[in-house]
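Engineer: Chain by chain, the residues:
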Amino acid sequence: MTPAIRIENISKQYRLGLVGTGTLSHDLRRWWHIVRGKEDPYLRIGEVNDRSTKGISDYIWALKDINIEVQQGDVLGIIGRNGAGKSTLLKILSKVTAPTTGSITYKGRIASLLEVGTGFHPELTGRENLYLNGAILGMRKIEIERKFAEIVDFSGCERYIDTPVKRYSSGMTVRLGFAVAAFLEPEILVVDEVLAVGDAEFQKKAIGKMHDVSKNDGRTVLFVSHNLASVQSLCTKGILLTNGKLTANDHVSTIIDLYSRGNESQKTSYITWTDKNRPNNEFIKLLSIELRNKGKKKQDPILINLPIELEINFETKTFLESLGFSYHLLNKGATVFVTGTPTHLRKIPEGKIIKLIGELPKDILNSEEFYSITIVFVLKNHQFELEIPEVLKFVPEESEREGEYLGKMIGMTRPIVKWEWLC
Amino acid sequence: MDSTDKISTITPRKSLFDLKLNEIWSYRDLFVLFIRRDITVSYKQTVLGPLWFLIQPLLTTLMFLLVFGRIARIPTGGVPPVLFYMGGITVWNYFSDCLRLTSDTFVKNAGLFGKVYFPRIITPLSIVSSNLVKFSIQFILFLSVFLYYYFSDAQIQPNISLFLLPVYIIILAILSLGFGLIISAMTTKYRDLTFLIQFGIQLWMYATPVIYPISQIPEKYRWVIMANPVSHIVEAFKYGFTGSGSFYLNGIIYSGIFAIVLFFVGVAIFNRTEKTFMDTV
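Chains as they are written, first to last, in this note's numbering: chain L, 885 to 1307; chain C, 83 to 363.
Since the hints were made in silico from the structure, they are not lab data. The reader is advised that the hints may include incorrect statements.
Each computed BS3-like pair below joins lysine-lysine, with the alpha-carbon atoms no more than 27 Å apart [stated by the list, open to error]:
{"no.": "1", "chain 1": "C", "residue 1": "88", "chain 2": "L", "residue 2": "1099"}
{"no.": "2", "chain 1": "C", "residue 1": "88", "chain 2": "L", "residue 2": "979"}
{"no.": "3", "chain 1": "L", "residue 1": "1129", "chain 2": "C", "residue 2": "357"}
{"no.": "4", "chain 1": "L", "residue 1": "1121", "chain 2": "C", "residue 2": "88"}
{"no.": "5", "chain 1": "C", "residue 1": "102", "chain 2": "L", "residue 2": "991"}
{"no.": "6", "chain 1": "L", "residue 1": "1025", "chain 2": "C", "residue 2": "190"}
{"no.": "7", "chain 1": "L", "residue 1": "1050", "chain 2": "C", "residue 2": "190"}
{"no.": "8", "chain 1": "C", "residue 1": "88", "chain 2": "L", "residue 2": "1093"}
{"no.": "9", "chain 1": "C", "residue 1": "126", "chain 2": "L", "residue 2": "1050"}
{"no.": "10", "chain 1": "L", "residue 1": "1151", "chain 2": "L", "residue 2": "1169"}
{"no.": "11", "chain 1": "C", "residue 1": "302", "chain 2": "L", "residue 2": "1025"}
{"no.": "12", "chain 1": "C", "residue 1": "357", "chain 2": "L", "residue 2": "991"}
{"no.": "13", "chain 1": "L", "residue 1": "1025", "chain 2": "C", "residue 2": "102"}
{"no.": "14", "chain 1": "C", "residue 1": "88", "chain 2": "L", "residue 2": "1025"}
{"no.": "15", "chain 1": "C", "residue 1": "190", "chain 2": "L", "residue 2": "979"}
{"no.": "16", "chain 1": "L", "residue 1": "1239", "chain 2": "L", "residue 2": "1160"}
{"no.": "17", "chain 1": "L", "residue 1": "979", "chain 2": "C", "residue 2": "357"}
{"no.": "18", "chain 1": "L", "residue 1": "1169", "chain 2": "L", "residue 2": "1264"}
{"no.": "19", "chain 1": "L", "residue 1": "979", "chain 2": "C", "residue 2": "102"}
Just so we're clear, the structure is a prediction, and the values are computed from it rather than from any experiment.
Bound-form chain C, shown alone (with noise of 0.2 Å):
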């Protein structure tokens, strides 16, 4: 074996955007067994087991129908309400449990980073994909919700954009991971964040088209709304699928580059807490 004679070395830094790609590729079965933890776990000793995934997006639309579609009475644009704020939530729902649990990252696994090294990327990693399967499994009931009213005549037109859907979910992973990976950085020295992050989560939704289209804003305050890159993702996905709300291509590429910019910054302040967190932490 050719590992065994390989020479390694620790030193006190590392370079701040030294990925370890083939260190986290030797990882791979790590990355793999995370994934299956992370779901398997989730719903064990329940009596309905993985069909929360199903249950969480239901009651929210409900709940979103009731409270800002009959109470509140914001317009969906033409779109059946129950499709508009399902697709609203399906990819924030991704996005923000992204955000969520990799924020988490390093307090949250303090005990097992304290006893074994492992690239410690691979946890928040492992935290996107095992959540793609969650989505998953929340499109899919979308999409036959969708279908539904596709076949019942409503007023929807799906249309070419659709094709970029693997594209937004690229952007909202990463994204995620990048916000994520920061904020768990920060969280071990300044822990104040932790409780932050679930509030601002919050206001975040409310900043970003999810229960109302982006043409219901102000123009004085569209501004906020565009800077946020989540908002064009939202806001293309709902109009891919049913033609109603806008389509901005250049909205959608900043996004992108906010998203690798972001990533980049935030492995780069991975990195170098990674290595001392344990003495913060």
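Here chain L stands alone, though its shape is the one from the complex (with noise of 0.2 Å):
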């Protein structure tokens, strides 16, 4: 069977820096070039897409040879950290912008859905702008009437469709943007992270209804997330993207597998702040943070047989009525717990120096897995004050085990069960 979609050798080049500043001689060296019969002088140069190294070139390859076949009623993952080229990708794939080199062949028609409610209008009414926004999506006018009232139905938005959508809330008009997506009928659906909107109630409807669109229907889809939850939920293969490079094609658990360890590379268990990174507020001002075993050291290695400390310093900017603080445990970016410190500490003056240890019982965590702590300082009336994401990041190990299995646990977590063989 053919492959529903055949990407070959595509890369995509960008110029970095002012655009329009020497714009023109570069056409014009460009144009000279190719008049005679010449290979373009840019096309040549060019590095790799690496966010963080200065380069020396103007021009970066945010794409490059890219080769990938999709068969039909695939649901593939596109993963990568910021500026992997995932956008890029899906740029190229929905006609937005052309490749620099290479080709794509696909089979049907492809619709985009890079954001959700494309030419709104908001003057006009829901119903006009389901038409419109149909329409834009490439729909025919007669397939829109058709589902009209499904549409309608599945947004939740009968009340207002006579309104124009500038009263609309923002939550619907997202959905309305959505139930328009849904009822689309491509042979191939491109997605980008259109899901981290609504409440979770229309979340849920979103998901069920692209699982419905591939499995049920067959079609191809194509979805780039940061959600690696939902990723893994809907996807059945995935590509790793790093530096506008494909690094791995597969099924999608091994690929939310390498990209998670790729994180590891950046362990960080403890910090000492100083004044110039430091993360802090008109509140508070942070000095460390670590994780350890009870009774370790920082550097040791962390062990999940063990109860684990999460200690953090910190100072007060002003006088704090009330403050408390919890953190966030995620595993490959799904959140395993919420933990917080039930009561808030009050009527604390300014300038004062407050250490605040957290002890977490043993065997709970997973060995061999990469975890993350997103920290989150709370003051009264529960506003989050100071919110530092995935602050630390960690994989612990364990140091005995006794059974017939030795291998790797899987889990996000590892509890100890009590078992007892009743005979």
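Can you join these two chains into the complex? Each is in its own frame, and there are hints to help.
Structural biologist: So, in structure tokens, the structure goes:
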């Protein structure tokens, strides 16, 4: 069977810096080379797209020599860090921008959903926008008419359908936009992180709809998301992009594993901040944070069969009525649990240095899993006053294990379960 | 459905004159919806609504009557000044509105074009068409003014050249589209043009016989007016209704050829831009 999409040698070059300065001279030089039948001089140069290092050339390759085949009915998850080229690939697939080299062959229609409610006009009513948005996404008017009742029903905006969209809440706009997209019937659907919007109920509905589209109708879906949990639940296959290059193309769980392990190189289980990089705001400034086993030093490896302590030191900058602290423990982007101080500390004077230690009982985490911790300070009224996402990243180990099986255990957590044979 | 098995490809460049007519045809509903959107949106939340379509040319005519008729005393070749100015304004406004709006295509729609693909040329095409609706309304206004003068025995002689009226409008539409396509493609790289275009359109009006008849221009400078493809259309439009002024068939043919050549150049430049403009805009 021929694949639904065949991507061959796709590359995309961008010019950095100020577009407009010197474009004319480069354009002329490029034209002069092409007229004489020579290769474009600017296609030979260009660097790997690494955001963090300073390059020599003005030209970078956002994508370089990508080759992928996607079979019909596959749900392909595209993952990679910021700037890895995920969105560029989607843009090329949805024909928003052209590749610099290479070609893509595909079967049927491609509909892209890089944004929900594209082309909505605030002055038009929900009904008018439904038609307009559907047509922009490539639907015929007759198709929209046929599905109109279903779309309105799915969006749950029936009451407001003849109200201008500018009077809608942002959530309602998103619902209406997604509803149109959900009833598109392309052979290939390209989706960028649009599911990250709307309330929980609607997200569930949206994910369910995506499942239907791929499983029951046999459509091909390409899906980009930073939310590894939704990639895992939705996709069958995955590709990993790193700095514009395709590093892996495999089953989705393999890809997610690979991606998470890639993050391990940035392990940090203790930080002492200096004035240069200190996270602070008008209420508190942070001094240091560390994660260690109870009774051990911070430099020691963290073991799962000992209690794990999180210690944070900070200083108040004003008088605080009430202060609480909590942290989220994440595994591959998904929250394992959230824990916080059950009571707040009250009436803290200005300039006070405070140490807080939270002890996690032993035998909760799993070994050889990549975890990260997001910390949150809460003021009174449950306002999140200071949040530092994934400040600590670590992979715990285990010291010894007894039993028949000594290999890698699967799972986000590994509690000790008391077993009993009764016979 | 046969479209399910259709194989398509995405490549770096496409040929310059490829209009992709069947693709545009498959998006015809979008074209219609864009026209409807442009018209319904333009006067939403105004008290007078579509009446503004009529108020605009009326006020401009009044202004021209005062400034060019009463103060500057530019002769109108024996035609009642109201009819003369309104005729010029009606035709010129269609051209200038189309040009002004199409030249903005890429910059104004960057958000939309950056998220979803459809044949980009639908946007300028729909602008030219929706302005046609506005033109028709203003034309009816002009027609009623014309009939008033006609029956009140003013010195006007409508003539057979009026049958060419649809041709004039088509030429104007293609001309504005051609210019608009070229400018819109260039503004993606050189944003300065958006400022220039405002000024340019104003200047252009004075190089077109809108407020004066061609006969008023000294022989020495007349070639400027004659080289301007819009001049012939505006002059011929007024001639058709009033019988005063001049009518050169060669001028109309010149404008027509100019428009067609310009249109193809515009399409070529537009086609090249639409594939990569997201990287420069």
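Engineer: Next step is simple, just say for each hint if it's right about the structure.
Structural biologist: Against the structure, the hints:
1. C:88 x L:1099: holds (22 Å)
2. C:88 x L:979: holds (17 Å)
3. L:1129 x C:357: holds (22 Å)
4. L:1121 x C:88: The given pair, whose Cα atoms are some 24 Å apart, holds under the 27 Å limit.
5. C:102 x L:991: Given pair residue 102 (chain C), residue 991 (chain L) holds - Cα atoms ~18 Å apart, limit 27 Å.
6. L:1025 x C:190: holds (25 Å)
7. L:1050 x C:190: holds (19 Å)
8. C:88 x L:1093: Holds, at about 25 Å.
9. C:126 x L:1050: It holds: about 12 Å lies between the C-alpha atoms, which stays within 27 Å.
10. L:1151 x L:1169: holds (23 Å)
11. C:302 x L:1025: violated (56 Å)
12. C:357 x L:991: holds (21 Å)
13. L:1025 x C:102: Since the Cα atoms of residue 1025 (chain L) and residue 102 (chain C) sit roughly 21 Å apart, the hinted pair holds (cutoff 27 Å).
14. C:88 x L:1025: holds (21 Å)
15. C:190 x L:979: holds (19 Å)
16. L:1239 x L:1160: Distance ~21 Å between residue 1239 (chain L) and residue 1160 (chain L) Cα, so the pair holds.
17. L:979 x C:357: Answer holds: residue 979 (chain L) to residue 357 (chain C) is near 8 Å, not above 27 Å.
18. L:1169 x L:1264: Holds: residue 1169 (chain L) and residue 1264 (chain L) sit about 17 Å apart, inside 27 Å.
19. L:979 x C:102: Given that 27 Å is the threshold and the Cα spacing comes to 15 Å, the pair holds.
Of the hints listed earlier, the one the structure fails to meet is number 11.
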